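**Student:** These are the residues of each chain, in order.
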Amino acid sequence: MATRFMDPHDVPTIPGTEGWETMYPYQYQFSKDDPERSAFESSQIWFYDGLHYPEPHYPFDLIWDEAWSLALSQYNTRHFMVPPALGIAHRIVNGYVYISPVGVPTMEEIEKRVPLFVERAGYYYENWDRLYENWKKKMTAVLEQLEATTFTDLPEMEDIRIIRDGVGKGSGYEMLKKYDELINLGLLCWQHHFEFLNLAYAAQVTFFNTADQIFPGIPISTLVKMSAGMEALLFRPDAELISLSKLAVSAGLEDVFAKPLKAEQLMAELEKIPVGKEWLSQLHKSRYPWFYISTGTGWYHTHISWNDNLNIPFDAIRTNIKALKAGKEIGRPTESLLKERDRIAEEYRGLIRSDDDRAAFDQALSVARLALPYAEDHTFYVEHWFHSLFWGKIRQVGKVLENAGFMENADTDIWYLKRDEIKQAIWDYTTAWATGIKPRGPSYWPKQIARRKEIYQKFKEWTPPPALGTPPEVVTEPFTIVMWGVTGDVLKGWLAGPEEGEVSNEIQGSPGSSGVVEGKARVLMSVEELADLQEGEILVARTTSPSWAPSFVKIAGAVTDVGGPMCHAAIVCREYGLPTVVGTGKGTQRIKTGDLIRIDGDTGKVVILERAKA
Amino acid sequence: MEEKEKRLTLWYEETDGKDFPLVGKKNANLGEMIKAGIPVSPGFALTIHANNRFLELTGIKGTIETQIETLGHVTFDTAKHASAIAMELIESAEMPALLEDDILENYDRLCEMSQCPSCPVAVRSSGAVSMPGQMETYLNICGEKDLIAYIRKCWSSAYNTEAIMYRMNKGMPFLFNIGVGIPKMVNSRVSGIIFTINPINGDMSKISIDASYGLGEAVVSGLVTPDTYLVDKVTFELIKLVVGSKEIQCVYREGSSDIVETSVDEEKRVTRCLSPEEVKELARVGKLIEGYYGKAYDIEFGIDGDMEFPHNVIILQVRPESVWSKKEAAPRTERKPDAMSRIVSQLMTGVRLR
Chain A
1 MATRFMDPHD VPTIPGTEGW ETMYPYQYQF SKDDPERSAF ESSQIWFYDG
51 LHYPEPHYPF DLIWDEAWSL ALSQYNTRHF MVPPALGIAH RIVNGYVYIS
101 PVGVPTMEEI EKRVPLFVER AGYYYENWDR LYENWKKKMT AVLEQLEATT
151 FTDLPEMEDI RIIRDGVGKG SGYEMLKKYD ELINLGLLCW QHHFEFLNLA
201 YAAQVTFFNT ADQIFPGIPI STLVKMSAGM EALLFRPDAE LISLSKLAVS
251 AGLEDVFAKP LKAEQLMAEL EKIPVGKEWL SQLHKSRYPW FYISTGTGWY
301 HTHISWNDNL NIPFDAIRTN IKALKAGKEI GRPTESLLKE RDRIAEEYRG
351 LIRSDDDRAA FDQALSVARL ALPYAEDHTF YVEHWFHSLF WGKIRQVGKV
401 LENAGFMENA DTDIWYLKRD EIKQAIWDYT TAWATGIKPR GPSYWPKQIA
451 RRKEIYQKFK EWTPPPALGT PPEVVTEPFT IVMWGVTGDV LKGWLAGPEE
501 GEVSNEIQGS PGSSGVVEGK ARVLMSVEEL ADLQEGEILV ARTTSPSWAP
551 SFVKIAGAVT DVGGPMCHAA IVCREYGLPT VVGTGKGTQR IKTGDLIRID
601 GDTGKVVILE RAKA
Chain B
1001 MEEKEKRLTL WYEETDGKDF PLVGKKNANL GEMIKAGIPV SPGFALTIHA
1051 NNRFLELTGI KGTIETQIET LGHVTFDTAK HASAIAMELI ESAEMPALLE
1101 DDILENYDRL CEMSQCPSCP VAVRSSGAVS MPGQMETYLN ICGEKDLIAY
1151 IRKCWSSAYN TEAIMYRMNK GMPFLFNIGV GIPKMVNSRV SGIIFTINPI
1201 NGDMSKISID ASYGLGEAVV SGLVTPDTYL VDKVTFELIK LVVGSKEIQC
1251 VYREGSSDIV ETSVDEEKRV TRCLSPEEVK ELARVGKLIE GYYGKAYDIE
1301 FGIDGDMEFP HNVIILQVRP ESVWSKKEAA PRTERKPDAM SRIVSQLMTG
1351 VRLR
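In order, the protein sequence lines correspond to chains A and B.
Using the working numbering, the letters of the first sequence map in sequence onto residues 1 to 614.
Using the working numbering, the letters of the second sequence map in sequence onto residues 1001 to 1354.
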């Protein structure tokens, strides 16, 4: 078996995508112009970040990749001085992001960083609760500022108030400034995102490894059960839907909901009756902020939130109402989950025979429990709430440019511009507006966008190799270990190459949630298709988001392309007692809607028993 | 209901550990296991009192007493002679109707319960005093006629030469009544061994199950590579499954207690032999047994092909785990003064990739 992956400089360009590099920042390219940089690139392991990016990157959406590249790395390298680990380097190949953990080169330097890390990280662990409270205040301020930002077309003439108040500046300037502020808010939000996360993962890795030393082979899912908080924020949107569904039942509104109406029409119907009005006011309270939950991971602009498409939560409410009327228990038994968490931890503790091991277990568990609620809850603030609002603001910018003729359809087109190019387009638009002439944009951008759409389509049809470059002996970077689950075994699997399984009826993934089930597959490529799910089907998706939880009362099991035993789909399915296989890689490609499949959540095996009739 | 002391037969679930003077140790032990929630093969016991009634009603008791007295002090030679006389008397005597009716009534009920006419049973001796391996156990006995015959054989086995010599050495009387256990033969579709720890590394948080098709002999004596299921003791999640090759299985030769090896179908070899539910149930029972006895255990089980889940999970034999339980628990982690030093040390170590 090979010991290294393809050299990152040798990945061929996909025919027809020549010049794709201009869609992304120059520093993201693997390049041979500098021999030193080139040698570094060849000596590192680069793995495809499929966990965050199941799809190729839209030029604009790369903003979050750049934001985390800056933030995660700086906290390791410059803030907390993590002894053996620097940051994570980023590159892009044929539209797909590859990342690589960077180590501290010499033992001497590592040793020097130890006391600094103890002082700095120690301060955070000791003052965790106070600092975290402060973090929430900072995040709330960022969110308020974001919410207050709006973009509209430039006026024919400045308002008389501008003259009378002696404002002395114009709407064009304001738009340029606001766009910068919007981008800066995004970057700031990501600075906050990693304030605690590196330390939270370090605590988690420590707990995982300590427990694994004591109980070899203990599943990560069990470790999570012991150390996790309850993902309280991420489950709140589902809880809101359930209470709205119960309210609809107790107010006798089932008949209204039973009508096959779109959200908007349904709301108009409810507006006509007094109890309906009350229900709507409750809905309003739930929507802000809880309906900012993304229907995906929040990393792509295509991951819209419930607030962007109310049909999604309304369909879920319908499903809930049916389940309630059938006498089903719905929702998440938080209290019993907490009890279960303590029972499991206590029982494991009771199985430790050595006093030293018991002390180690206690130390590691206590700090993991301190840190983990952050690791779970920050996602709602950043990837869901902030991102959903942020994508909406960029759509507003797009609308302005669309109205000015820079693109045909803001919703689908603006993402093909890099964020700096949008700034340039705003310059073009505002200066032309100021001068009273035609901007160049309308003759320039539509062609660019059309070309980039072609390239993007080709990227989509390409399968990125799981890794490039040279594997190291040891990985010390906490994220690489916890988030991406990069271990020796995983690399070995990658090196062994893709399974020659195209003719076989079996797909191997990882166990997500225990149990075996057979059923008709329903392959969902986007959240809009959730409504198609039929009772008893097995959901097959790239990945799932917390906002999909309402559908879980319907399904018999789930299969995802991406994710490990800690991923959201696995956690939710365990709570719902649904057999689940995660991380199949190509489940959504190999399985077709209507296929009869059997999934084994204990072994991670998926078998296609019978193909759907064409 | 008649007083327990005067009963001729008792179902296992009617007995417990304290009843060994009535039914013998093996039987009482099974009663105790049922009481603790441990599933054993259904069956009933013939009491020690029943053995005594047999000897009384057939007149054998009197005959033996007179004949043995004439033998005088028992030596090796006379023991052999005494054994021959006693065994011949017991095995050729007619079963008194009082006993036969009671036994067959219970046997019919057992056949009905197992939905299996002429249900195969074991006939196991069960003394109130331990006499290791000196009395007989007969397997795979089918139908009323054979059952009655083998019960007599079982009773008579208490008078084999070794047993008589043993008792003489201990100063015990010549006449010795024993209990007999009559459990349904487990029709093992699958059988194997549960360890309530990971036998590879002594990890207490795991339960390890080795299982293969047919009778347990194949697994116990290493004739096959069984499936190995490693289950988490706390959550009952299946952590690791290694499907073994399981080429052959041991089964009883039709209508006999001889064990023969047969080949396992290709398709069955590569398939796991225990269902997820069965694995979970075995782990649950293993944990229960460990909790009951307060230490790690080594357990033989069978999955009965005649019965439905979860009644098909049958515990055949239990004994304390003997390797890891004797070792002192060595720490597996490094000692650290506080959580912070533990985190630093973890970060420095990282995760080895090769």
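The hints are simulated quantities; they were obtained by calculation from the structure and are not laboratory data.
Treat the numbers as computed from the prediction; the structure is a model and nothing was measured.
Please note that a few of the clues may not be correct.
Calculated Cβ distances over 12 Å to all of chain A for the following chain B residues [said to hold, decoys possible]:
(1) N1106
(2) E1112
(3) G1171
(4) S1341
Here chain A is said to cover these stretches of chain B; the calculated rule only asks that three of the stretch's residues, wherever they fall, bring their Cβ under 8 Å from a Cβ of chain A [to be verified]:
(5) 1007-1017
(6) 1153-1161
(7) 1316-1322
For glycine and all other residues, C-beta sits at the position ideal for the given N, C-alpha and C.
**Student:** Next, verify each hint and record whether it holds.
**Tutor:** Okay, the hints, checked on the actual structure:
No beta-carbon of chain A comes within 12 Å of the beta-carbon of N1106(B); the shortest separation is about 39 Å. Under the 12 Å C-beta cut-off, the non-interface status given to E1112(B) relative to chain A holds; the minimum distance is some 33 Å. Distance check on G1171(B): its Cβ is at least 45 Å (rounded) from any Cβ of chain A, clearing the 12 Å threshold; non-interface status holds. Against chain A, the non-interface label of S1341(B) is violated: not every CB pair exceeds 12 Å, the least being about 8 Å.
Only residues whose beta carbon comes within less than 8 Å of a beta carbon in chain A count, and the region 1007-1017 of chain B has 0; fewer than three means the coverage is violated. Against chain A, the region 1153-1161 of chain B contributes 0 residues with a C-beta closer than 8 Å to a partner C-beta. That does not satisfy the three-residue criterion, and the hint is violated. Counting residues of the region 1316-1322 of chain B whose beta carbon lies closer than 8 Å to any beta carbon of chain A gives 0, which falls short of the minimum of three for the stated coverage.
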